[in-house]
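S.K.: Sequence lines, in order, name chains D and H.
Residue numbers 22 to 363, in my numbering, belong to the letters of the first sequence in order.
Residue numbers 22 to 363, in my numbering, belong to the letters of the second sequence in order.
Note that these hints are calculated values from the structure, not bench results.
It is possible that some hints are incorrect.
Pairs involving identical chains hold if they fit within one copy or between any two copies, as the list cannot separate such chains.
With a straight-line cut-off of 20 Å between C-alpha atoms, the simulated EDC-like cross-links for lysine to aspartate or glutamate are [unchecked claim]:
| no. | residue 1 | residue 2 |
| --- | --- | --- |
| 1 | Lys-325 | Glu-179 |
| 2 | Lys-99 | Glu-213 |
| 3 | Lys-317 | Asp-169 |
| 4 | Lys-99 | Glu-131 |
| 5 | Lys-196 | Glu-314 |
| 6 | Lys-317 | Glu-277 |
Owing to the predicted nature of the structure, the values given are computational and were not obtained by experimental measurement.
2 protein chains.
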Amino acid sequence: MKTGEMTIRIQFDEMKSVFNRILLKNGFSVEKAETCAVIFAVNSLEGVVSHGVNRFPRFVSNVRDGFVIPGNDPVPVKQSGAIEQWDGKLGPGPLNALIATDRAVEIAREHGIGMVALSNTNHWMRAGYYGWHAAGKGYILMGWTNTDANMPAWGAREARLGNNPMVFAVPYENKAIVLDFAMTQFSYGKMETYRMAGEKLPFPGGFNSSGEMTDDPSGILEARRPLPIGYWKGAGLSLVLDILAVALTGGRSVKEITMTGTEYGLSQVFIAIDPNHLANFATLDDSIRRIIEDYKLSPPADSKTAVRYPGERIAELREENLRKGIVVLKEVWEMVSGLESY
Amino acid sequence: MKTGEMTIRIQFDEMKSVFNRILLKNGFSVEKAETCAVIFAVNSLEGVVSHGVNRFPRFVSNVRDGFVIPGNDPVPVKQSGAIEQWDGKLGPGPLNALIATDRAVEIAREHGIGMVALSNTNHWMRAGYYGWHAAGKGYILMGWTNTDANMPAWGAREARLGNNPMVFAVPYENKAIVLDFAMTQFSYGKMETYRMAGEKLPFPGGFNSSGEMTDDPSGILEARRPLPIGYWKGAGLSLVLDILAVALTGGRSVKEITMTGTEYGLSQVFIAIDPNHLANFATLDDSIRRIIEDYKLSPPADSKTAVRYPGERIAELREENLRKGIVVLKEVWEMVSGLESY
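Please model the complete structure; the sequences and the hints are all you need to start from.
M.R.: Structure, rendered in structure tokens:
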């Protein structure tokens, strides 16, 4: 995204404080407002403005409309061995997801592996956040969420699948390898960012209303026909992740979420693994380093594209944006600031 | 694939018997020969000839060359809570993977979830087989393997990533939802099948030696530049799956496998979940059925492509091929038959 007339830079602390004050006015306790403000601000800091500052106004409006209930906490439904099912009670998605991640980590500490399946929760904003969080504590995390229907099955016209984002995170030295991806080639948030910036997608990302494959984000957003990653493979994975989310949580499916007209009451799965339980724990960083070093030896196909591992760019952006401030569309920041007085 | 001059149909029992006799001549015990013959024959029966009958001669040659040691069994290295690490001792990949799946299932029965991480094993042929196996016993399975390097990083020219196939399986009524996919848009096996049949791929599947994206399987196989699913996403997932496979097993990485020149000594992960531990166990089939029914309502984009769930076509092919015989390239069947007298 070009900085310039349309964008400004906001310092991390300022952004977090603005979020915090708005959340306090909207029924969040002091502690919850702070945690939630941190998550939205960190997502923005790490370059994922689509699920940070850009999404914040919609989050607040979901709170005001009663779809997200800031006073509610997740409660355990069933515990059995190393798996637990929790009911999110429609509390704030980011807070519920953080609690579920921490609980999966605790189970993993005891059993080596632990799963928390969370029903009736809300949009967690960004899968990667929970990956970085778990990895920061030294744990491996795999997790996914379902969403409302926003992607057609392969060979179909109508959006009946979610983009169901997934995260894989592995602790590595004092950082992490974190892969966070939706089943659409471009997430809706990303396509909205391109659209707001008036840019085309770098590759075809879906079909427009005339059924043509296109790199125009507006056409794809209008037709709601984003391309699944790997065509039939990503469409299949989306279906399987929804089936697993529903089976493991006992919560709502993509279809049931979609029927209500607002994306709330989601189903999410968190699986943590504690590397301390492994025989090779002492040499983990060395073996990961050898893989990364080999990976980085790949000669680039052209001078424009650097060969990076998942999460590497995030760490760079975090540094850069902490120093310079977070790039935000002026129009978005005005909308957010407006929420303070409303 | 067109049946006709180039192909014949072989009955399942005949194929299995031929495999069995060849394996007995190559150091397999009676029991191991039978189990291994079943896996190769079932893979073929279920339409995955690329990792069934087509691959059998290479498997036998790996046995003869000492890369696959039919007398060796996997042994436990470390057990801790619900996770176990095993050493595959370079035994036959399909047998090792079956044992690991069964062991993950046993751990899941006790703890709700169970993981087996298997080092020093060999090519498991087809991820889906173990998914069907676990689902047939009523368990959810997630698993993946690393491979030799056969796919470039995104933005790179040189193959330093594996296609690292992954499986997700969910029991459903008396069948299963099974998704089995490699990180390449088309697996090497599939591209070889197209090439042997003299056909183009249905979509561009990689780059040729001139760096052009192409649907010509020969050009892609020659350049070893298959397209990752979802471009950078599938490339990232491949890297993460290798890192996880190595971290969890303590075994060899894609790089280390590739350095030896022959694809052996792989690292694999099997995670099983026992739905019996879930509060909603009694209604699982109902909730999956509702998802599948909604999915099947998707209006097809054209008359050529049916909207199917992962595993649906497999069940159909199994029936059809049991009745009519398995379609095999004559050239392949002659090669297999030739192994009987060698």
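S.K.: Next, verify each hint and record whether it holds.
M.R.: So, going through the hints one by one against the coordinates:
no. : hint               : result
1   : Lys-325 to Glu-179 : between (36 Å within a copy, 16 Å between copies)
2   : Lys-99 to Glu-213  : neither (39 Å within a copy, 48 Å between copies)
3   : Lys-317 to Asp-169 : between (37 Å within a copy, 17 Å between copies)
4   : Lys-99 to Glu-131  : both (17 Å within a copy, 16 Å between copies)
5   : Lys-196 to Glu-314 : within (15 Å within a copy, 44 Å between copies)
6   : Lys-317 to Glu-277 : between (44 Å within a copy, 15 Å between copies)
Violated hint for the displayed structure: number 2, the only one.
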